[in-house]
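Student: Spelled out from the first residue to the last, the chains are:
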Amino acid sequence: MGRTLIQKLWDSHTVADLGDNASLLYVDRVFLHERTGSVSLKGLEAAGRKVRNPEQVFCTMDHIVDTLPGRGDDTIMPSGKAFITTTRDAAKAAGITLFDIGDNRQGIVHVVSAEQGITLPGFTQVCPDSHTCTLGALGALAWGIGSTEGEHALATKTLAVNKPKSMRVNFDGKLAFGVTAKDMILNLIGAYTASGGVGHAIEFTGSAIHTLPQENRFTVCNMAVEFAAFTGVIPPDDTTFEYVHGRPYAPTGEVWDKALSYWRTLTADDDAVYNKDITIDCADIVPTVTWGTSPGHTTRIDGVVPQPSEAPDANARTSWERALEYMDVKPGQPLEGLPIDAAFIGSCTNSRLSDLRDVAHVVKGHHVANGVKAIIVPGSSQVKLAAEAEGLDKVFTAAGFEWRESGCSMCFYAGGESFGERERVISSTNRNFENRQGPKTRTHLASPTSVAASAIAGKIADVRKLG
Amino acid sequence: MSLTMQKFTTLTSVAAPLMRVNIDTDAIIPSREMKGVTKEGLSVGMFANWRYSDVDAREENPEFVLNRAPFRDAEILLSGENFGCGSSREHAVWALKEWGIRCVIAPSFGTIFYGNCVRNGILPVMLPEAVVKAFADIAERGEADDQLTINLPEQKVIGFDGDAHPFEIAPADKEMLVEGLDPIGLTLKQDDEILAFQKQDQTERPWVYL
Numbered sequence: 001m002g003r004t005l006i007q008k009l010w011d012s013h014t015v016a017d018l019g020d021n022a023s024l025l026y027v028d029r030v031f032l033h034e035r036t037g038s039v040s041l042k043g044l045e046a047a048g049r050k051v052r053n054p055e056q057v058f059c060t061m062d063h064i065v066d067t068l069p070g071r072g073d074d075t076i077m078p079s080g081k082a083f084i085t086t087t088r089d090a091a092k093a094a095g096i097t098l099f100d101i102g103d104n105r106q107g108i109v110h111v112v113s114a115e116q117g118i119t120l121p122g123f124t125q126v127c128p129d130s131h132t133c134t135l136g137a138l139g140a141l142a143w144g145i146g147s148t149e150g151e152h153a154l155a156t157k158t159l160a161v162n163k164p165k166s167m168r169v170n171f172d173g174k175l176a177f178g179v180t181a182k183d184m185i186l187n188l189i190g191a192y193t194a195s196g197g198v199g200h201a202i203e204f205t206g207s208a209i210h211t212l213p214q215e216n217r218f219t220v221c222n223m224a225v226e227f228a229a230f231t232g233v234i235p236p237d238d239t240t241f242e243y244v245h246g247r248p249y250a251p252t253g254e255v256w257d258k259a260l261s262y263w264r265t266l267t268a269d270d271d272a273v274y275n276k277d278i279t280i281d282c283a284d285i286v287p288t289v290t291w292g293t294s295p296g297h298t299t300r301i302d303g304v305v306p307q308p309s310e311a312p313d314a315n316a317r318t319s320w321e322r323a324l325e326y327m328d329v330k331p332g333q334p335l336e337g338l339p340i341d342a343a344f345i346g347s348c349t350n351s352r353l354s355d356l357r358d359v360a361h362v363v364k365g366h367h368v369a370n371g372v373k374a375i376i377v378p379g380s381s382q383v384k385l386a387a388e389a390e391g392l393d394k395v396f397t398a399a400g401f402e403w404r405e406s407g408c409s410m411c412f413y414a415g416g417e418s419f420g421e422r423e424r425v426i427s428s429t430n431r432n433f434e435n436r437q438g439p440k441t442r443t444h445l446a447s448p449t450s451v452a453a454s455a456i457a458g459k460i461a462d463v464r465k466l467g
Numbered sequence: 468m469s470l471t472m473q474k475f476t477t478l479t480s481v482a483a484p485l486m487r488v489n490i491d492t493d494a495i496i497p498s499r500e501m502k503g504v505t506k507e508g509l510s511v512g513m514f515a516n517w518r519y520s521d522v523d524a525r526e527e528n529p530e531f532v533l534n535r536a537p538f539r540d541a542e543i544l545l546s547g548e549n550f551g552c553g554s555s556r557e558h559a560v561w562a563l564k565e566w567g568i569r570c571v572i573a574p575s576f577g578t579i580f581y582g583n584c585v586r587n588g589i590l591p592v593m594l595p596e597a598v599v600k601a602f603a604d605i606a607e608r609g610e611a612d613d614q615l616t617i618n619l620p621e622q623k624v625i626g627f628d629g630d631a632h633p634f635e636i637a638p639a640d641k642e643m644l645v646e647g648l649d650p651i652g653l654t655l656k657q658d659d660e661i662l663a664f665q666k667q668d669q670t671e672r673p674w675v676y677l
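Note that the protein sequences, when read in sequence, are chains A and B.
Residue numbers in the first sequence follow the numbering used here, run continuously in steps of one, and reach 467 at the last position.
Residue numbers in the second sequence follow the numbering used here, run continuously in steps of one, and reach 677 at the last position.
For reference, chain A alone in the conformation it holds in the complex (with noise of 0.2 Å):
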């Protein structure tokens, strides 16, 4: 029987089988932020145990640091400084590299790791921060971690790891104008709930995500962990090995003729079976919104908040009526024209260069709706400097966005910045649980050009009928 490609990843990692289903997975990078890595630097050097080969472990601060022009290392948040001051020095300690405030290479771990050609095809990296998954779409396994976990892999080089299930995602198909891959992984989650990846780690293939562009297939993978898999990963193709080529820790010369020659084995074999498989035709796909507070409440954006009678069953249902409470919306109405008091573009999820190229190109001659918040957060500080080089950020200013520093920013909320209570937010963002974005904040899950669409409009809005 021919192996999926998370087999082939978990056989060529593989430093010993430690039987019933369990492996001792080799871990090629370790990617660590000022809020959980703090935590597992301290560990570590508690427990008098060091970094194993450091020049392959690196750090960024995302988390914590403020986003707002001129910041340093205080932050709004109360106590945030301490994980700053913290992470710099365990980092300095354990001799690992750190992207800090002022460093342009600063940003949300997962856009820096794949920007900066620090994960790789066929690597297996992890982080602890649920959106590790995210590196999954350069064919890497890639998957997040708790803090103690996170000692393990800084100082043996490895982890222990149950192997999870196999689920194979084909998106078939083409997308319609205005489709975006956010539509797409939000489409998967609506369809088989917040809890349908349980156990499994994900290969997303099919038409429609091979002709993703790279940046866009992040967004795909990003969200694998909202389907509660282990994670997901998309098999490398042309379109990676040019994404790779070039970044400064990709191999060069001989070696990347190497490298890209071992790349190029990394698909499933044509007969490789898998525990699940799903089909979603893209073509069914429009605009999508969540209308409650799991990544699985979504809707059309031309549908309505559906009843709880529908629910498929009973917890579902009492989910369901929990979420209409807190979101303070009615079975049966229509999510395009809700009135919204902010709209939110960053976070791991969508924040690349070619997101805010697309998000420019909604909101050029246009203006944020009256008494609506508006914020751009670009994903790292190479986004920023790229953005700026393009006058995107002139087109964002002048349409009445805020353009801030790179960073995770008010993706969730931690006692710093935040939208006030019960201020209804659409948000290019991954979570759309409780509180997430600040006391009893409602927050619509979309895509970055929906979030657009919406701001102009002062309301959830259908990206295909502007302009």
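Worth flagging that the hints you see were computed from the coordinates, not collected in a lab.
C-beta: ideal position from N, C-alpha, C; glycine also.
Hints are supplied without guarantee of correctness; some may be wrong.
Here are the simulated lysine-lysine pairs, DSSO-like style, with alpha carbons at most 27 Å apart [unchecked claim]:
1) Lys165(A) <-> Lys666(B)
2) Lys623(B) <-> Lys50(A)
3) Lys440(A) <-> Lys502(B)
4) Lys50(A) <-> Lys92(A)
5) Lys641(B) <-> Lys165(A)
6) Lys641(B) <-> Lys163(A)
From the derived model, a few chain A residues whose C-beta atoms are all more than 12 Å from chain B [said to hold, decoys possible]:
7) Asn104
8) Thr205
9) Ala250
Chain A is fixed; fit chain B onto it per the hints.
Tutor: The following block gives chain B in isolation, referenced to the frame of chain A:
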């Protein structure tokens, strides 16, 4: 006592029913409650948005299950599918542990949360939804005598009616919990294999080595 490597064999306790699906780690420990670079002092922020009617004033919401007798002292939590989904923050587990929760029973768990539990001496038990729901229905009566017993070595939960419900757990995870093993120490016993792998890998995949 160290926050890690506490042994788990058997446990008898009242079980607190928190029967929602997809309870995420943001709900278990909101970001704003993670105030320092530490594994400690987190229990006060546990479930803060549900547990307090006024989060800033720490004014308790008397309706919330862990604020009610006898559940305040519960060491077992019952919940819906996909418990601990979302953010990888191990702080969720550290908060539960500090509060006194030793076992969570649910139909399924967020993968990272599950691993974090095992590494901190909390037992995550997966049982069919109907079984968890039946437990919750009885637990909801709030009788201090209604207690569940977990027997990890025998991989079973003894229900309120005395019936045994077997559960699955990966042998390595079970061993880690029962023995209170240090997984890093355990792996370092295989150091020769790790070094041999690395040596071979350096010739096969030189681009990995910066």
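Student: A separate judgement is required for each hint: does it hold in the structure or not?
Tutor: Comparing the hints with the structure gives:
no., hint, in the structure
1, Lys165(A) <-> Lys666(B), "violated (30 Å)"
2, Lys623(B) <-> Lys50(A), "violated (39 Å)"
3, Lys440(A) <-> Lys502(B), "holds (20 Å)"
4, Lys50(A) <-> Lys92(A), "holds (12 Å)"
5, Lys641(B) <-> Lys165(A), "holds (20 Å)"
6, Lys641(B) <-> Lys163(A), "holds (16 Å)"
7, Asn104, "holds (20 Å)"
8, Thr205, "holds (22 Å)"
9, Ala250, "violated (8 Å)"
Checked against the numbered hints given earlier, this structure breaks hints 1, 2, 9; the rest are met.
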